[in-house]
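Colleague: Given next are the chains, with one letter for each unit.
2 protein chains.
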Amino acid sequence: MTKKYAFPVEQIRRYLEPGPVVLLSSLHRKESNIMTLGWHTILEFSPSLVGCMISAGNHSFSMIRESGECVINLPTRELADTVARIGNCSGNETDKFAEFSLTPVKSKKVAAPAIDECYAHFECRLHDDVLVESYNFFIFEVVYARVQHEPLWPETLHYTGDGLFRTDGEFIDRHPLFTKVS
Amino acid sequence: MTKKYAFPVEQIRRYLEPGPVVLLSSLHRKESNIMTLGWHTILEFSPSLVGCMISAGNHSFSMIRESGECVINLPTRELADTVARIGNCSGNETDKFAEFSLTPVKSKKVAAPAIDECYAHFECRLHDDVLVESYNFFIFEVVYARVQHEPLWPETLHYTGDGLFRTDGEFIDRHPLFTKVS
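Those protein sequences? They're chains A and B, same order as listed.
Letter 47 of the first sequence, counting from 1, is numbered 47 in the UniProt record's numbering, and no numbers are missing.
Letter 101 of the second sequence, counting from 1, is numbered 101 in the UniProt record's numbering, and no numbers are missing.
Okay, chain A solo, but in the shape it has when bound (with noise of 0.2 angstroms):
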């Protein structure tokens, strides 16, 4: 298993943020899923709040909804295939850890397994389900982080659609203009 440590949850802003694929694992009625996601967004540091919208289409849908729980899981470039695979299937006709040979862990917080090839994992439980009905947005209360160490920063995976990824590219340090921490 890669080795992970505990992170401060109202900081995983440094790896959400700049807008990764993620992989969000979820767990109802004993039934595991995976799903690929796009669209988040941090809304608050503490709480440590995460807004993510999660089409009803997706199997994973009704399952976090109805076991209030997930982990957002951060794949890297290593896992684009799987990332993208995954994205192309259903968890109706699929059992994902086992199709795509992907290993679960036990979470700290949340029922819900981790995937331990990703490099991060943010255990949620749903905070706010008051746009869940009208946008199928969620609003997620990360209550426990863990992270690689190893490399000091991910390779992640960013969509563009029509099956384009871009990673990570050079880094841009601009702290000396920041008046304030943020």
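Just so you know, the hints here were simulated from the structure itself, not pulled from any lab data.
Do not take every clue at face value.
The list makes no distinction among identical chains, and a pair is therefore deemed to hold if it is satisfied within one copy or across any two copies.
Stated by the list, open to error - When the alpha-carbon atoms are kept at most 25 angstroms apart in a straight line, the in silico DMTMM-like pairs for lysine to aspartate or glutamate are as follows: (1) K180 x D95; (2) K108 x E93; (3) K180 x D81; (4) K4 x E93; (5) K4 x D128; (6) K3 x D128; (7) K108 x D129; (8) K4 x E150; (9) K180 x E99; (10) K30 x E170; (11) K106 x E117; (12) K180 x E93; (13) K109 x E93; (14) K30 x D128; (15) K108 x D81; (16) K4 x D162; (17) K4 x E117; (18) K106 x D116; (19) K109 x D173; (20) K106 x D173.
Based on the hints, put chain B in the right spot on chain A.
Modeller: Just chain B, lined up with the frame of chain A:
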């Protein structure tokens, strides 16, 4: 002025889904303003919906709430200094177009001006304010979009906190694995 072309609003995910920092420009009672924003997500293709978490501490918050409009502008790496500086001063005290030598251009469908130096302009009308009070979360409809044609892909900025951005890296094409267009 940079030559820009109309772009289908239902395809703007190409530019916004990968999670770039954007500049929001607004106009209210003849006063214009610009803010830097990293917390946004695509919510729907058609109507073209984008959700933005605009912290209530921003001068732009009430301007956008009251005018019901803004433009999402897509800055590229050449504007890294400006993006950082705009995020670290307030429209209360600063005329940001003048201070940062940015060129306001007339929008097509909203009163708020766009920023000519940016790669793309997404003109927005407030579509639903149901989460504005509780989460500072604005759901906008993109009613008109204009983008440059050159370069084919912009080098955008992705914020990771602490003054550190990353730009875009290599392309990873997994089109053959996509069974449906998405």
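Colleague: If a hint holds in the structure, say so; if it does not, say that too.
Modeller: Structure-based check of all given hints:
{"no.": "1", "hint": "K180 x D95", "result": "between (46 angstroms within a copy, 20 angstroms between copies)"}
{"no.": "2", "hint": "K108 x E93", "result": "neither (28 angstroms within a copy, 47 angstroms between copies)"}
{"no.": "3", "hint": "K180 x D81", "result": "between (40 angstroms within a copy, 15 angstroms between copies)"}
{"no.": "4", "hint": "K4 x E93", "result": "neither (31 angstroms within a copy, 45 angstroms between copies)"}
{"no.": "5", "hint": "K4 x D128", "result": "neither (29 angstroms within a copy, 40 angstroms between copies)"}
{"no.": "6", "hint": "K3 x D128", "result": "neither (32 angstroms within a copy, 43 angstroms between copies)"}
{"no.": "7", "hint": "K108 x D129", "result": "within (23 angstroms within a copy, 35 angstroms between copies)"}
{"no.": "8", "hint": "K4 x E150", "result": "within (9 angstroms within a copy, 42 angstroms between copies)"}
{"no.": "9", "hint": "K180 x E99", "result": "between (47 angstroms within a copy, 20 angstroms between copies)"}
{"no.": "10", "hint": "K30 x E170", "result": "neither (43 angstroms within a copy, 39 angstroms between copies)"}
{"no.": "11", "hint": "K106 x E117", "result": "within (13 angstroms within a copy, 48 angstroms between copies)"}
{"no.": "12", "hint": "K180 x E93", "result": "between (50 angstroms within a copy, 17 angstroms between copies)"}
{"no.": "13", "hint": "K109 x E93", "result": "neither (28 angstroms within a copy, 45 angstroms between copies)"}
{"no.": "14", "hint": "K30 x D128", "result": "within (24 angstroms within a copy, 37 angstroms between copies)"}
{"no.": "15", "hint": "K108 x D81", "result": "neither (28 angstroms within a copy, 41 angstroms between copies)"}
{"no.": "16", "hint": "K4 x D162", "result": "between (33 angstroms within a copy, 22 angstroms between copies)"}
{"no.": "17", "hint": "K4 x E117", "result": "within (11 angstroms within a copy, 42 angstroms between copies)"}
{"no.": "18", "hint": "K106 x D116", "result": "within (9 angstroms within a copy, 50 angstroms between copies)"}
{"no.": "19", "hint": "K109 x D173", "result": "neither (35 angstroms within a copy, 36 angstroms between copies)"}
{"no.": "20", "hint": "K106 x D173", "result": "neither (36 angstroms within a copy, 32 angstroms between copies)"}
Hint compliance for this structure: hints 2, 4, 5, 6, 10, 13, 15, 19, 20 are broken, all remaining hints hold.
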